[in-house]
Amino acid sequence: MISLNWVKDYIDLEGEDLVELADKVTKAGINVEGVVTNHINNLVVGEVLECVDHPDSDHLHVCKVNVGKETVQIVCGAPNVRAGLKVIVALPGAVLPGDFEIKAGKIRGEESNGMICALFELGLEEKTEETYNKGIEELPEDAPVGMDAMEYLGCDDTLYELDVHKHRNNDCYYHIGFAHEIGTVLGKKVTYPEAKYDEVKDDVNNYVELKVETDRCPFYLGKMVRNVKIGESPEWIKKRIIAAGMRPINNVVDISNFVMLEYGQPTHFFDADKLGKTVLVRDAYADEKLVTLDEVERTLSPADIVITDGNVPTCIAGVMGGMNTEVDENTKNIFIEAAIFDAFSITKTSNRLNLKSEASRRYGKGLNYEYTIAAMDRCCALLQEYASGEVLSGTVLHDTVDKTEKTIDVTTEDLNGVLGMHMTNEDVEKQLDKLDFPYELNGDTFHITIPRRRLDVEPNKADLAEEIGRLYGYNNLEDTLPVVGTKRGVYVGDVALRKSISKRLRQLGLTEVRTYTLVPEDVANSFNYDNKEVLALPNPMSSDKGYLRLSLLPSLIQTYEYNKARKVENINIYEIAKTYDKDYVEDHKVAMLISGTYMANAVNQVNVKADFYLLKGIIENLLKYLGFKNRYDFQKVEVKELHPGVSASIMIDRKPVGIIGRVHPSMMKDNIYVAELSMTALYNLKTKPLKFKEASKYPEIKKDVAFVVPNELTNAEIEAVIKHAGGRLLDNIDIFDIYRDIEPGKKSMAYNLTFKDDTRTLSDEEVMQVFNNVIKEVESKLDAKLRG
Amino acid sequence: MKEKVEQIISQLQEDIKNVKTTQDVVDIKAKYIGKSGLITDLMKNMKDYSPEERKEIGQIVNVAKNEATELIGTKEEEINKAILNEKLEKEAIDISLPATEIATGAPSILEKVIEDFEDVFMSMGYDVVDGPELEEDRYNFELLGLPKGHPARDAQDTFYVKGDELLLRSHTSPVQARVMTSKNGDEPVRIICPGKAYRRDDDDATHSHQFTQIEGLIVDKDIKLSDLKGTVTVICKRLFGEDTVTRFRPSYYQFTEPSVEMDISCFNCKGKGCNICKNTGWITIGGAGVVHYDVLKGCGYDPNKWSGFAFGFGAERCAMLKYGINDIRTFYNVDLRESKVFDRKEEQ
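Just so you know, the sequences run in chain order A and B. The opening residue of the first sequence carries number 1 in the numbering used here; numbering runs sequentially from there. The opening residue of the second sequence carries number 1001 in the numbering used here; numbering runs sequentially from there.
The following block holds chain B by itself, in its conformation from the complex (with noise of 0.2 Å):
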């Protein structure tokens, strides 16, 4: 018997060399391990022998079918490899070709400067407010301490609507009034309002009769001028780098007092000196002070127990600024391929 299977197993080492196909190796299994195979066969005359022998056999031919099963095996797995290479083979691409663009948007640019404004602000507790473009004259002159008549208003510079009732708003300050005035005077503020403003400018490079405003307000408890610097400072390092450094310049505002223009550190030349902040080192970023007596006053607030400060960017200036673009229409009239590359993530 050991001779026989001893046969068939190195019959099947010669065989196998032969086996090329998944259907040598169906062929092979059926030729020696399948149901009627060289090796199972060996079984088939079992009764014929003692039972010490059907042991001993059963244990030479099973020894053998699992020798027989792992050969095949092998083999079977060589040749799956081999097939799966050829197929992977087969299906490889040009990697180099061009890729299926998804489709994408990019913000406005304006948008952008928006949303950084709105990250920090609203980390810091501010909410984020609109108000009607289309105002009242009350809101956007009289409540900030610009009465009509008053020799400081800009009326000239103002697109009215209604009379002198209703005006496109000249800056975004009236939402602020409408803010406070909304909280009858005992509720403490903590707003920015992004929006659009309208002045009678002609349109050039660095004029628009439409712009963007970001203005602030806080009004609490014991708001000092200095809060408004730590302020500021926070937001101008975000949009133009933790090394910004800011300072105050005295100014006069109608709607606050001690009233400062805010400058920042040059952001190009660190303060040596370049073209951006004329040789100054410093550029003016925009304006801010302690929110006004009359103001507060104005709208509902006892100016001794409340105080705040409030400030106020242009979104185009900040964009300019930043992204080195020389020319304010560039916001209005979008070129795409201008537009599209701020679809992107800045460090922060």
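Next comes chain A alone, as it looks inside the complex (with noise of 0.2 Å):
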């Protein structure tokens, strides 16, 4: 939360619209989300005239207010109000927080024309027992019967609610780093806030001796007040904290978030005398334990960075204090701290000891040195004005930072040819004033200074001219296309069959569906018929999210359940997405399921329903579409979700690449089935080209044979023979009739054999000859007769 009052205190505002400005402020890159203005219509100063006891209930009062321009009549339920108290009165129109509208009506039978106000209920003050209890707020006497209330109390603020990416999030988010934001915006300069205090003749050398050794504590200043005064801090310094989201706690504690909401840099208030003489800063020991301000103990690593007292830790360095050394209410002395440490140290200790606030999260995003300097004088400062601090003279220094300044020189077409504008180096000028980037312009090359407050610019064309870009305005880019040479996009690797497959999945009638990775683990483990491993996350959100799925089978039959709950019927669908097992090797899946009717037609008998060789056409029509045809067959496989007698593994050149079959009765009552490709499996076969074959111009002859077999002889184990015994000139096999128990146990398999060559013209004897040769082959190899 920036407050608008406060940064005012840096940056002149008078007669800003504060919602236009946060529209400015937006368009140029800081996304200001929302606009908070605490002022609340009909909220005025009031003086109780009269308060008598409701005659209709025992705590409530009746008030006859003065609100300046008229006198009201209130019903009051607060024990502390009485004629002659100066309050603060919400009339009929006002909206409180929480959207609550006053209104005149009557309360047990009184009129009453408004509320007399407690500070919780503008929302000035937590609602707690406390505040509760304290009943309205007692104003003095001498506040101005009928003046705005908010403004009376100085309350009257308008405060934005930033989201600011990334980048920036180390120069807005204090109020003199959104000061210059706006000093860019509407090109006005900020200016810094005083800092004099008087120093007394003893020099913190002194008392402490400070020692760094660590390389991950680039600076390091230290300076000590004296006989600090603990109590409450100044309204305004109170006001300032509560506006920005923080609650003032002392004079102390307020001063040190202050200086922090005003410079971005946070100090720490070590307790002089329990400090001791040293300050050693250095890598923390493995398992060193230190009790931290919330009394919790922290047992440390290597990986932390701590402040000692030259043995023991007495402060978590950017993260939290120690008990140790805290500053309390018997507290004289105080050592100041401001430092720069190095920030992926401190985000990582914060987020490992799960220890965050606004100072490790600043302390986190990096630091300008020159507020660190700038900061500790505000605190010495304030302690002294606020805190009757003594400051001492001299300080303790680490600086190991590397002051080198970020400079660039670039000329406006450089720029112009990030952007793509027509920008002048008037336009370029007049840009780098309102950033207040100090520059000259030597021809037509800008040698720009980049202010350290800007952490996030760095010396390249690019950070410039995106600088410079957003404040000429976007609104002046063309539409221009890339001048690049002209070529045809592909499809890269496997996406091209993935195209091809759902394409040809949809055509063939099934719609495609998408479903979560992450699934339960009982989910995870089904279907996981390659019995592979389970991929767990170490740290998943939540249990039903905790495993990465090997197959999609799971997630299709969800989905068929979530369908028919809604009564829809008929549901054929596929999926295809990646699987990854637990040794991290992924296998992209292609999953399908059907159910119900395929095709009908009720009134012309048309039904087409869903089974085991609809979809197993789907299959053949697919792999056949991608040019596995006469490579692919199906064996008997035991699937534990599938129908152990309706399953069967897809196998390609002999090797497996799916499975297909009906759920498991025990698992799905209705009747689904289900198949799965592995799609990985398909993209590391290589087909064939495609290529013209010219019917035949010779005629072809059919000839019908059955045979009878044993009921579990199977049609793939008969045509195997026949097509054996065939040889080249057997072209087609085809099954058209199936009598089951012709005798028992027995059934009879019908088949059509087609008879063909490509060159000539067959002749009858020589059909017969291949023709007597299959059934010899049929009845000696197998348990088959002729049918007579």
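To be clear, the hints were calculated from the coordinates, so they are not data collected in a lab. Just so you know, even glycine gets a beta-carbon here, dropped at the ideal spot from N, CA and C. Hints are not guaranteed to be accurate.
[Unchecked claim] Cβ-to-Cβ under 10 Å is the rule here; a few derived chain B residues that face chain A:
| id | residue |
| --- | --- |
| 1 | Glu1115 |
| 2 | Gly1125 |
| 3 | Leu1134 |
| 4 | Lys1196 |
[As the list claims (entries may be wrong)] The calculated lysine-lysine pairs, modelled on DSSO-like cross-linking and capped at a C-alpha distance of 27 Å, are:
| id | chain 1 | residue 1 | chain 2 | residue 2 |
| --- | --- | --- | --- | --- |
| 5 | A | Lys499 | B | Lys1322 |
| 6 | B | Lys1322 | A | Lys27 |
| 7 | A | Lys582 | B | Lys1196 |
| 8 | B | Lys1112 | A | Lys624 |
[To be verified] Label pairs and their calculated CB-CB ranges:
| id | chain 1 | residue 1 | chain 2 | residue 2 | range |
| --- | --- | --- | --- | --- | --- |
| 9 | A | Met651 | B | Asp1335 | 30 to 38 Å |
| 10 | B | Ile1276 | A | Asp58 | 52 to 60 Å |
| 11 | A | Arg787 | B | Asp1335 | 49 to 57 Å |
| 12 | B | Lys1297 | A | Glu213 | 30 to 38 Å |
| 13 | A | Arg488 | B | Glu1089 | 53 to 61 Å |
Using the hints, build the complex out of the two chains.
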């Protein structure tokens, strides 16, 4: 939260419409998400002229209140309301926090034209038992009746709620930084606050010796303030702190927070008497312990940076101080630390300890040493003024900060080259002035110095183009297209295969669905027909999203159930998605589910039901489309989740690439059929190029034959023998009839065989010879007899 | 002879009135012009006549035969037509009965949006690339200017799978890093990479821990921010209509500099202000920018020679805006009644 009253300390905003300003700031790249004003209409200072008990209540009072223009009757329940008191009155039409609108009405029969308020009801204090018991706010006697109450309280403020991109959150989340951004937008200069104080002639170096034994602390500045008096902060500091969303505690703590919110630089106050003579900054030892200010014992690691008294830690750098050096109500002497620590380390430590504070966040974003020094001076000045402290002379300082200035030489042409704009040198000068970036223009070259407060701006063309471009305005951008070579865009890698499969399955009547990759453990282990190990997330959000699925089928079954529950019939769906196993191996899968009716017309007796053979047909159609004709077959397989008699492994070149079957009746009582193919396996198989093949000019000869075979013998087994025996001339085998139980335990299987030669007309004799051979082979190799 | 012929013809004209069926036609043909029909018979005793007479008779009989054939033929045609008409009448169906519905499937709504992007970008020479969803930290963060421990990293938002090395990609940008690093810094890049990404978000109407990004990248010579704007305008016109206008607002992203937020003019109210655009006339549609120096460098390109832009759209957001969908979970808990509607072509 940025308080605009506060920002006004550093930049002149006289006459600016703050809502419009928020829009301007947003358009320049810092997103002001909300403009909150705590101005409340119809809220005035009033004087209670008369106060009597409500005739119909044991705690309510009926008051006559002078609100300036008139005197109104208000019923009030506060125990401290009395005649002569100056109060805050919300008149009808006032809308209090929580969208609570005040209306004129009657309370237990007595007219009430408003409400006498407590501070918590105005959002100026938290609602606690304490503030509630305080009752209504009692204003000083000299409060002018009729005046706007918020204005009287000095709380009439406008707050900006920022949603700042990570880049800029090191310089836009403190008031001076944000004042600079407003200055940039408006082209106005920022004035820094004064920080003057007197020093007593006693050097801090007489009391504290600073040693820094880590390279993760480039800057450490210490000063000492003696004889502070702990007490309440002045109202203006309290108001600022509340406005920015923090809670006032006491003058010393509040000053530290105030300066942090002002300069973005956190400081830490040690009780100097508890601290001892040494301040040693070093990496923590493994398993070193410190009880932090929240009274929790923390176990440290060498990844952490600590402040120590030479032996034991007194503070986890940038994260939280230790109990052993805490400033408390008896503290007299304070050692102030203003430092810069390695940002990554602070973030890591605060994440590991789950200790995140305004301070640790700011350390974690990087700091500007100029403001570290300014913040120290500001702390000393405020402690002198508001805590009666005596500032000792001298500082303890460790400073290895690289102070080389960030400069860059750039031309307007360079900037236009990045942006595609048509700015002139004058345009660029204007924007640099607004940015308050010092520069010299030599010929056409700008020599620009980047101020340290802009940690995010690096000395390169693109960064400068961004800063200047955003101010010049992206509304000046034209629509151009890249001037690049012409080429055809292609699907790279398995994307082409995925697209082909997806489109084909849609043509075949299946609708694409998308489901979640992360599933609960039982789902992840379902349909694990390849016996892989499931990959678990080490830190899941919840147990129902704790595992990476191995198969898409459970998700399709879930989609089936979801639709069935919504009375959707004939669910025919597919999904293509990646799966990962415990060894992180990827398997891109295609899953299908069919159920109900595939195609029907009741009036016209068309009824193609979803069954095993329909799904088999879809798969064969797909595989043929992909170029696998004559290379696939189906083998019986056992998959726990599939019907043992209605399931198969899908093979290409005799290697399994997937499964097909009816979902096991114990799992789903509905007849639903599923299949899953490994697209990764298909992708790794080569197919022949597509070629034209002339249709045979010679006639084909067809012969029918039927065999009586045991019920268990499969079509595939019979066809295999026929195919082998038929040799080169046998072009096609079609099964056209099955007659089960033609005799006990036996069935009849009837085939139509097609004989053909692409180069000549076949004679009846040679066909008969082959045909007879087929019969002979089937009878001799299988338990089969020609059906008479 | 002439009289005889005339008599036969008039007899035929009488007889033909009673011809009703195809059998009657066969009979009448046999009676007059068949092998021993009345007219054919007239030629039987020709040898009794002189050659001149034969010639004359032959002529008369031929004329008569032609006439008879024509008469019968006309009648036959008439009868066939009647029979056909009767048959057609019998075969007539109730065309108002329901059709046999042909099984066809619909794409996921997200896939439909992705296909729109692919159409536009492939025609402009962009390849469509995919990458692993289980991704290395290096590609997901480090090469994109976010080294380990970098404060701008969304460590808490990311699903780590193995220590801090492997994760479920939190955006599709690692595909860009993979493609760039594979080119040894000396080939241009033009890709889009639609795909899934994951973040630790609690699912609700507007958040989803699994979502679909459509990112694009070009790396070439002299690529400018205005080229990005023109490119974005092309795709937005395709998605939201030819009269769509695009606008850039300054923004900040780690991988791009300058960075922008992309807005389109509201396709619903055309800028007048409505619910969809929250009365601003503009809708934010994605983020983009000029590829950051560090990203180019990190991926092997000399930033002084090469430049590029990158953009990212949310497929869900595009679909929600375009088709008026209010709940992001619609895409992952598919109700087929909602989904099947999308088996349809659209005006482009």
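Status of the hints after comparison with the structure:
{"no.": "1", "hint": "Glu1115", "in the structure": "holds (9 Å)"}
{"no.": "2", "hint": "Gly1125", "in the structure": "holds (4 Å)"}
{"no.": "3", "hint": "Leu1134", "in the structure": "holds (5 Å)"}
{"no.": "4", "hint": "Lys1196", "in the structure": "holds (7 Å)"}
{"no.": "5", "hint": "A:Lys499 - B:Lys1322", "in the structure": "holds (23 Å)"}
{"no.": "6", "hint": "B:Lys1322 - A:Lys27", "in the structure": "holds (25 Å)"}
{"no.": "7", "hint": "A:Lys582 - B:Lys1196", "in the structure": "holds (20 Å)"}
{"no.": "8", "hint": "B:Lys1112 - A:Lys624", "in the structure": "holds (26 Å)"}
{"no.": "9", "hint": "A:Met651 - B:Asp1335: 30 to 38 Å", "in the structure": "holds (36 Å)"}
{"no.": "10", "hint": "B:Ile1276 - A:Asp58: 52 to 60 Å", "in the structure": "holds (55 Å)"}
{"no.": "11", "hint": "A:Arg787 - B:Asp1335: 49 to 57 Å", "in the structure": "holds (52 Å)"}
{"no.": "12", "hint": "B:Lys1297 - A:Glu213: 30 to 38 Å", "in the structure": "holds (34 Å)"}
{"no.": "13", "hint": "A:Arg488 - B:Glu1089: 53 to 61 Å", "in the structure": "holds (57 Å)"}
Every hint from the earlier list agrees with this structure, and none is contradicted.
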